[in-house]
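For the record, the sequence lines run as chains B and Z.
The first sequence runs 1 to 610 under the working numbering.
The second sequence runs 1001 to 1085 under the working numbering.
Since the hints were derived computationally from the structure, they do not count as laboratory data.
On a predicted model such as this, the values are computed, not experimentally measured, just so you know.
You may find that some hints are simply not true.
What the hints assert, rightly or not - Below, simulated DSS-like cross-link-like pairs (lysine-lysine); rule was C-alpha separation at most 27 Å, straight line: (1) K1008(Z) to K237(B); (2) K273(B) to K293(B); (3) K1012(Z) to K104(B); (4) K260(B) to K292(B); (5) K104(B) to K1008(Z); (6) K266(B) to K288(B); (7) K1012(Z) to K386(B); (8) K1045(Z) to K379(B); (9) K289(B) to K248(B).
As the list claims (entries may be wrong) - Label-pair ranges, simulated between beta-carbon atoms: (10) L1018(Z) to L133(B): 22 to 32 Å; (11) G230(B) to L1018(Z): 34 to 44 Å; (12) L1022(Z) to S168(B): 53 to 63 Å; (13) G9(B) to Y1071(Z): 50 to 60 Å.
Ideal Cβ placement from N, Cα and C applies to all residues, glycine included.
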Amino acid sequence: MNSPLFSFGIYMIFVFLLAWFAGRKSARSESFVSEYFLGGRALGLWAFALTFATTNASGGSFMGFPARIYTHGWVLALWIAGYMTVPFIAIGILGKRINHVARKSGSITLPEVLGKQLKSDAVTLTATGIIILFMFFYLLAQFKAGGMILITLLGEEPLFKEGTLIMSRFTPDWLDPEYLLTLVIFSIGVIGYVVYGGFRAVVWTDVMQGVIMFIGVAIMLILALNQVGGLSKATKKLSEMPPPKKGKVIFEQTSETLNKDIYIKKGGFYVTKNNENIVTPLSSLTIKKNLKKSAEIDAYIYERSLISNPIDYISVNIISQNNFAYGSNSKGVYLKAPGPDPSNATGFLAIVTALSFFIFWPFGGTGQPANMVRLMAFKNTQVLKKSLITVAFFYSFIYFFLVVIFCCAKVLMPGMEANADRVMPEFAELLSKNAGVPWLAGLLVAAPFAAIMSSVDSFILMVSSSLVRDVYQRFNPDASEKKIKRISYLVTFMVGILAVIAIINPPDYLQDLIIFASGGLAGCLLMPMAFSLYWNKTTPLAAIAGMIGALLIHLSLTIIGYFKTDKFSPHDFLGMNPFIWDVLGSAILIILISIMDNKNSSSIKEPSFR
Amino acid sequence: MNKDGDLKQTLKEVKHLLLAWLFFASWVLIYCGFEAYSQDHEDVKITLGMPSWVFWGIAVPWICSIVFTIYFSLFVMKDNDHEEK
Chain B
1 MNSPLFSFGI YMIFVFLLAW FAGRKSARSE SFVSEYFLGG RALGLWAFAL TFATTNASGG
61 SFMGFPARIY THGWVLALWI AGYMTVPFIA IGILGKRINH VARKSGSITL PEVLGKQLKS
121 DAVTLTATGI IILFMFFYLL AQFKAGGMIL ITLLGEEPLF KEGTLIMSRF TPDWLDPEYL
181 LTLVIFSIGV IGYVVYGGFR AVVWTDVMQG VIMFIGVAIM LILALNQVGG LSKATKKLSE
241 MPPPKKGKVI FEQTSETLNK DIYIKKGGFY VTKNNENIVT PLSSLTIKKN LKKSAEIDAY
301 IYERSLISNP IDYISVNIIS QNNFAYGSNS KGVYLKAPGP DPSNATGFLA IVTALSFFIF
361 WPFGGTGQPA NMVRLMAFKN TQVLKKSLIT VAFFYSFIYF FLVVIFCCAK VLMPGMEANA
421 DRVMPEFAEL LSKNAGVPWL AGLLVAAPFA AIMSSVDSFI LMVSSSLVRD VYQRFNPDAS
481 EKKIKRISYL VTFMVGILAV IAIINPPDYL QDLIIFASGG LAGCLLMPMA FSLYWNKTTP
541 LAAIAGMIGA LLIHLSLTII GYFKTDKFSP HDFLGMNPFI WDVLGSAILI ILISIMDNKN
601 SSSIKEPSFR
Chain Z
1001 MNKDGDLKQT LKEVKHLLLA WLFFASWVLI YCGFEAYSQD HEDVKITLGM PSWVFWGIAV
1061 PWICSIVFTI YFSLFVMKDN DHEEK
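Only chain Z is shown next, with the shape it has when bound in the complex (with noise of 0.2 Å):
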């Protein structure tokens, strides 16, 4: 790959991150705007311990968020071609 070839790489892998970001922004603010403010406080739902809107809206996207720095990191990122090895 050549230098305008590293930077055109570079900035497809920012896209990506960036709506990697975008993704995960709206799943945990939507899910949790609707599950965590409004439900009655007598009767929250439980799961694994936790409040269920912390589960479903906190710990899930955050386990997600994980499996796609993996992927990204193994799939998408790509080695400079000049760098030290």
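Bound conformation, chain B alone (with noise of 0.2 Å):
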């Protein structure tokens, strides 16, 4: 076993450990729903504050926020900025108050939050189908990123690559063996200890996860500028890089190589007939045996100087190539806004843009159903004031170092940027290897593994709440203790199966539907809760029509995008980001038919309001 693997297996076992510690102290609560879906609502300050923070970073904060530090360069440090307002804005402007009228009213769930104070079942019901819409496709994701990083853990294990050559001779052409075996793998770990030990389990992996996490950041901060000889040093080599050319490229046998198949590795890097440059491919390609050269395919293009070890051992052609779109021909342009980008030429991040993310992280976080799950566990309000602080320096420290980490990989380890998903465990690897501990590869590699993790419970949790709570008990209100907990258990392992059944052969686009996802679960429920918790003029139609509402906005933005772009993917009327459309037609939908529908206002003074 590799030194990496046996590091991140130690790792695995303490999560099942907790768990299965989590799933007894589960069953032995005299309110099995209240605990085993909100932990008895007695979360202390790490607890509370860890699991609130690792569910808000997913795969995405350690998987694709790194790609595009890699891509951009230092502008990101703007694009992210504002996760410095998102601790005191995502818990402090709903935190006390959801918690407060959560547990007066003995809710479990968000919709049934909304739906006991605005009395009304429609409301409840109407919540619980945008989130089991929305999160399921969040759900998918996930579970994609937690099977593609185990890959890079298992890949190289002999027992792993028998195991992906048994599930290939079962498998049909269009299914990638190699995925579907980790796909397995950490469905069946995921999925086991979520049913077993509910909210509990979660929060408490989470803790953990989240230690993994900072530790994993500091570990490879530290490296990282020292192998690179401190941040000043990084920085200067970094203005003085120049983006890539992006092309058409040929593949060609050579006579040594002309009677077998050739694998073109996408990312890998070779050398151009005439050694003045380096290409990476955009996509993985065979050569069959007797065939001369390849079809013309999509390419990253280097100077020959930048990298020191390509293979070599077969020829290309350079047929075309292309400056990016922005930033080429212009040194220090990693260094400053808008960013280089390959496609847009008005650069990566226009202001609009920046302040549209930095209106869209702090309050798409508040408007997360998961998040807002976790306000109504916490023990009382000393506890949310120590974890506003944890959180506040928990954020700081992880996503500005991920910024300084990630463009001192750039230097270090240049030419990934067909490759970028991939350059987290990569620059895990290379660091470690350098420092001469390569187990700690796997440590470091558990951070970005713990962060999809967390998220991949909190989700499950979620669908599997609503669906019991909201739709089952409210359709069968008799029903035994026993009886739930059966179906808690079923429903929850039901919800995790669907999803990887529906993740077998993953859409390309699936970083879009992310984003069309969390977008719009904030949207469609941020101005309802928000409304329903501090505007006692809020009527029931009023939150039907602003969630609606938003979710017609939400999917006529994405329909505009699909058909603009021909890609999965939401257009950004005035450059702002879907989600501050969906919340601004919410609130005046909401303001508006309140005001006109306020003969029922009067029927639903909760007593909270008094």
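Combine the two chains into a complex, taking the hints into account.
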């Protein structure tokens, strides 16, 4: 067994031990539903602060975000800057109030809080439908990311290779047996501990995962700064790096390779015939034996001096090459806004887009149902106050220093634009190897894995709690505790299994689905929840209109975006994130309909408003 | 504090938070809008190893936001009277 895999295995054993203890505690609790889905509403400082922080930091924080830093440079500090306000906005705006209202009404789920606050089953069911719809997309993306990270760890293991070979005999050609095997391993692990341990297992493992994420970033920061020779040196070197060119290339067989199949690896380094450039293809391909050359494929093109150890046994010809749409031939472009961009002529981050993200990160985070549920579970205001400070330190450390680490990665490990999504595990491996401690890579790779697991577990439980509490129990109010317990286990298991089946053959536009789902959830739920908690004139009809209105705006912008770009990508009207239009539309609808429908508002005066 | 007082106190806290968000958003976006987008690429000033606009426009406000969070948690946010201790 390789040493990274060994340290990663130890980490996983700890996760399962924690889940086992949590499951035993849940089983002993008097109120199963409150314990299983909300941890008995008694989360203390570390449990609440870290489960909140890690649920929000999904796989994207450790996979997609580093890839963007690597591709666009220091401007990502501005892109993520809104996170400085996430702790006090996402926890502070709704925290105290939602906890108080949920505790008083005995609510377990978010739709239940809304429904009881407005005294309307229709509100509960509308919110449940929206959560299940969007949350499912979210789950799919996290499962895929989990499977992909496991490939990094297991890829070279003989046992895993054998397993892949066996799997390939039973799977059709369109399924990747390597991915399928890691997906199965990942799913068994996560679904197992969520089903057994419920919310408490999710929280306890989140705490451990938060610690791993923190330690992982700290070690990577020290190693990266040490190996690059200090941040000033890294920034100066980065200022001298021009963006690569993008173009089309053809691979050709040589006389030595003509009688065998040649595999061209996505992101591999290949020298051109004239020895002046190196190309890294954007996709993998195989040149069959006796075929002289490949079809034209897209690739990044670098100067020869950039990479010292390319694979050079195959000949490659550049057919065409183009500059980046913004930032080519301009040194220092990685140090400035708007940052280089291969396809956008105005650069990566226009100032209006930066504003849009400064709104989206804190307020989008406030509207995420998995975050709101956690706000229902802390013990008292003392815990909330200390957690605010803890989360502020946690996010500042993680997000700001990730920018520093992956600006160093660009200098230490150039030429990875074609495979930027893999920059995190590759850099972890490089740093550990250079430091002479290869086992450390297992711990470092555990950080993004922890981020993915802490999101997957929360989302599975979120969907299953909505189905059990807001659908099953609503129509079966007299069901016994024992029956609800069985149903809860079964539904949680089924939600996980359905997500796995749906993601067996993952679509390419998965990252877009995440953006679609997270923006949609927050856009549809934030305003109805905020108004129902703070404005006693809100009516059930207005809350439903707010949710449906935001849903329609979100879907419309996504459809317009699809027709404009031919991709599953929402349209940023006036350069602003669709979430902002969802929230605006939702707020206007709630205010207008509440005023028009005000004869109904007197009947909803819930005790917490008196 | 009675229940009505609890709601009023929470609303007061929410106003503090929204004003703080506005302050930090203005600082970051106005400063970076001028400094990060306007300079010549060839001549980027560096402070403590990072581009100067990142230091003054992001790192410093980020530290200030932590100070604000500590101040808010310790001195502005109040406990609800009737809650579990």
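Tested hints:
1. K1008(Z) to K237(B): 54 Å, violated
2. K273(B) to K293(B): 13 Å, holds
3. K1012(Z) to K104(B): Answer holds: K1012(Z) to K104(B) is near 21 Å, not above 27 Å.
4. K260(B) to K292(B): Holds - the C-alpha atoms of K292(B) and K260(B) are around 11 Å apart, at most 27 Å.
5. K104(B) to K1008(Z): 18 Å, holds
6. K266(B) to K288(B): 17 Å, holds
7. K1012(Z) to K386(B): With a Cα-Cα distance of about 19 Å, the restraint between K1012(Z) and K386(B) holds, given a limit of 27 Å.
8. K1045(Z) to K379(B): Violated - the C-alpha atoms of K379(B) and K1045(Z) are around 48 Å apart, more than 27 Å.
9. K289(B) to K248(B): Holds, at roughly 22 Å.
10. L1018(Z) to L133(B): 22 to 32 Å: 30 Å, holds
11. G230(B) to L1018(Z): 34 to 44 Å: 40 Å, holds
12. L1022(Z) to S168(B): 53 to 63 Å: 57 Å, holds
13. G9(B) to Y1071(Z): 50 to 60 Å: 44 Å, violated
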